[in-house]
Amino acid sequence: NAGVTQTPKFRILKIGQSMTLQCAQDMNHNYMYWYRQDPGMGLKLIYYSVGAGITDKGEVPNGYNVSRSTTEDFPLRLELAAPSQTSVYFCASSLGQGAGYHEKLFFGSGTQLSVL
Amino acid sequence: AQKVTQAQTEISVVEKEDVTLDCVYETRDTTYYLFWYKQPPSGELVFLIRRNSFDEQNEISGRYSWNFQKSTSSFNFTITASQVVDSAVYFCALTTNRDDKIIFGKGTRLHILP
Chain A
1 NAGVTQTPKF RILKIGQSMT LQCAQDMNHN YMYWYRQDPG MGLKLIYYSV GAGITDKGEV
61 PNGYNVSRST TEDFPLRLEL AAPSQTSVYF CASSLGQGAG YHEKLFFGSG TQLSVL
Chain B
1001 AQKVTQAQTE ISVVEKEDVT LDCVYETRDT TYYLFWYKQP PSGELVFLIR RNSFDEQNEI
1061 SGRYSWNFQK STSSFNFTIT ASQVVDSAVY FCALTTNRDD KIIFGKGTRL HILP
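Just so you know, the sequences run in chain order A and B. Heads up, the first sequence is in the numbering used here, so the first residue is 1 and it goes up one at a time. Heads up, the second sequence is in the numbering used here, so the first residue is 1001 and it goes up one at a time.
Next comes chain B alone, as it looks inside the complex (with noise of 0.2 Å):
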C-alpha cells in the first residue's frame, strides 16, 4: 500500500528566508505519480506539481523548486525568499499506475512571519 509522510506538521519561518517542506513516499510500484497541492486560509486547495516516477530532473517555477530523489523515496518542496502570502498548509499526495487512489499526506503548516 502507498504511504505519504510529511514529518514536519507546522513550521515558521521570517519573511524572506527559505523554507523546505519534506516528502517522504512509499510504494512497491515503478509507476507513480507525486503531487503538491496548497491550501490558503480561505480552504481552496491549489495544484502546485505533478512528476512522475521517470522524470527525476528538479523542476523551478518562480520562487518555487522541487527535489525528487527516488534513492531516498523523497519529493522535497522548497520556497526562496518566503512571503507572507506563502503562508499556508502544503499536502504532498502520490498515486500509482496500479492503484486509482491518491493519497495524502498530513499536510505541514506553514507560517511565514512579517
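Only chain A is shown next, with the shape it has when bound in the complex (with noise of 0.2 Å):
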C-alpha cells in the first residue's frame, strides 16, 4: 500500500518555465489537497478536489492549476514559474465520506521546488 505518492522529490526551475507536480493515492480517497510550506512556515492551501471532476481555490491558488479527472490522480501545474513559488508542495488525501464528514490527512513526502 504505497498511500499517497509525490513526484518529483526536487526540482529546479528557471524562471518562466512551466512543469506539473504529480500526486497519486491508492486508498480511493476522494479528498485531495495541494498545500505549500514556505521555510520555517506553516502550510497553506491551494487548491483542492472533493471528487474526480470537482476542484476548488484554497487560500493560495494564484499562479497555479490543477485537474481530477480520476479518483487516484490530482496534479498540480505551474505555468510560468517564479521564484514567490520556491517552496515545499506538499500533496494529501482523506476519505471524505460526504455531507462534511472529514477523516484525518495522509499525507505525501513532499516535493520542494526552486525557483531561479
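Do not take every clue at face value.
Selected chain A positions facing chain B (in silico; Cβ < 8 Å) [unchecked claim]:
#1 F10
#2 M41
#3 Y48
#4 V50
#5 G58
#6 N62
#7 L105
Okay, the calculated bits of chain A under chain B, using three or more residues with CB under 8 Å as the criterion [to be verified]:
#8 16 to 22
#9 69 to 82
Within a straight-line C-alpha distance of at most 30 Å, the following computed DSS-like cross-link-like pairs (lysine-lysine) qualify [what the hints assert, rightly or not]:
#10 B:K1016 with A:K57
#11 A:K57 with A:K104
#12 A:K104 with B:K1038
#13 A:K9 with B:K1070
#14 A:K104 with B:K1101
#15 A:K14 with B:K1106
#16 A:K104 with A:K9
Please keep in mind that the hints were generated in silico from the structure rather than gathered at the bench. Idealized CB from N, CA, C, for every residue including glycine.
Since each chain comes alone in its own frame, lean on the hints to assemble the complex.
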C-alpha cells in the first residue's frame, strides 16, 4: 500500500518555465489537497478536490492550476514559474464520506521546488 | 471563514519537562473537526489526533494529551515528560462540515534540550 505518492522529490526551475507536480493515491480517497510550505512557515492550501471532476481554490491559488480526472490523481500545474513559488509542496488525501464528514489527512513526502 | 492561531512560534524546554502547545480556532459553523500534526526534522507530516466539535472529552495517548474547550475555542496539546524525539514543528488544523478546506495554523517549533 503506497499511500500518497508525489513526484518529483526535488526540482529546480528557471523563471518562466512550467512544470507539473504529480500526486497519486491508492486508498480510494475522495478528498485531495495541495499545500505549500515556505521555509519556516506553516502550510497554505493551494487547491483542493472533493472528487473526480471537482476542484476548488484554497488560500493561495494564484499561479497554479489543477485537474482531477480520476479519483487517484491530482496533478498541480505551475504555468510561469516565479521565485515566489520556491517552496515545499505537499499533496494530501483523506476519506471524505460526504456531508462534510472529515477524516485525517494522509500526506505525501513532499516536492522541494526552487525557482531561480 | 475559518482561522487557526498558534501564537507560540517557538518553544524550548529541557528534557523531561512538560510543555503545552496552544491552538485557538475560529469558525461560525457548529460542526467542525480539529487536528494536530507533527513535522519532525525529516520533513514528513505525521497525524496525531482528530477531534470533532461534538466530542469535548479530553484525550490522553501515552505522554500526549489534548484539552478541547469549546468555551474558549481552544484545542491545546500537552506533552508530559518531554523527550528529545519530541523536537518537531506541531501544527493545529481546522475544517468544518460546510467547507471542505482544511486550514492549518502557522505551527509551533518545539525544541527539547537534552
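Structure-based check of each hint:
Below 8 Å, beta-carbon pairs count as interface contacts, and A:F10 has none with chain B, the closest being about 12 Å; its hint is therefore violated. Residue-level restraint check for A:M41 holds (minimum Cβ-Cβ distance to chain B is 7 Å; threshold 8 Å). The closest approach between the C-beta of A:Y48 and any C-beta of chain B is roughly 6 Å, which is under the 8 Å cut-off, so the hint is satisfied. Annotation: interface hint on A:V50 holds; nearest CB of chain B at approximately 5 Å, less than 8 Å.
Interface restraint check for A:G58: the shortest CB-CB distance to chain B comes to about 6 Å, inside 8 Å, so the restraint holds. The interface hint given for A:N62 is broken, as the beta carbon of that residue sits about 16 Å from the closest beta carbon of chain B, more than 8 Å. With 8 Å as the threshold, the beta carbon of A:L105 comes within range of chain B, its nearest partner Cβ sitting at about 7 Å, so the hint holds. For a cut-off of 8 Å, the count of residues in the region 16 to 22 of chain A with a CB near a CB of chain B stands at 0, and the three-residue condition is violated.
Under a criterion of three residues with beta carbons nearer than 8 Å to beta carbons of chain B, the stated coverage of the region 69 to 82 of chain A fails, only 0 such residues being counted. Distance hint between B:K1016 and A:K57 is unfulfilled; the C-alpha atoms sit about 43 Å from each other, more than 30 Å. About 20 Å separates the Cα atoms of A:K57 and A:K104, which keeps this hinted pair within 30 Å; it holds. Between A:K104 and B:K1038 the alpha-carbon distance is near 13 Å, which keeps this suggested pair within the 30 Å criterion.
The straight-line distance between the Cα atoms of A:K9 and B:K1070 is roughly 40 Å, outside the 30 Å bound, and the hint therefore fails. A C-alpha spacing of about 13 Å is found between A:K104 and B:K1101, which places the hinted pair at or below 30 Å, so the restraint holds. Of the pairs offered as hints, the one joining A:K14 and B:K1106 holds, with about 29 Å between alpha carbons and a cut-off of 30 Å not exceeded. Restraint check: the Cα-Cα separation between A:K104 and A:K9 comes to about 23 Å, which is no more than 30 Å; the hinted pair holds.
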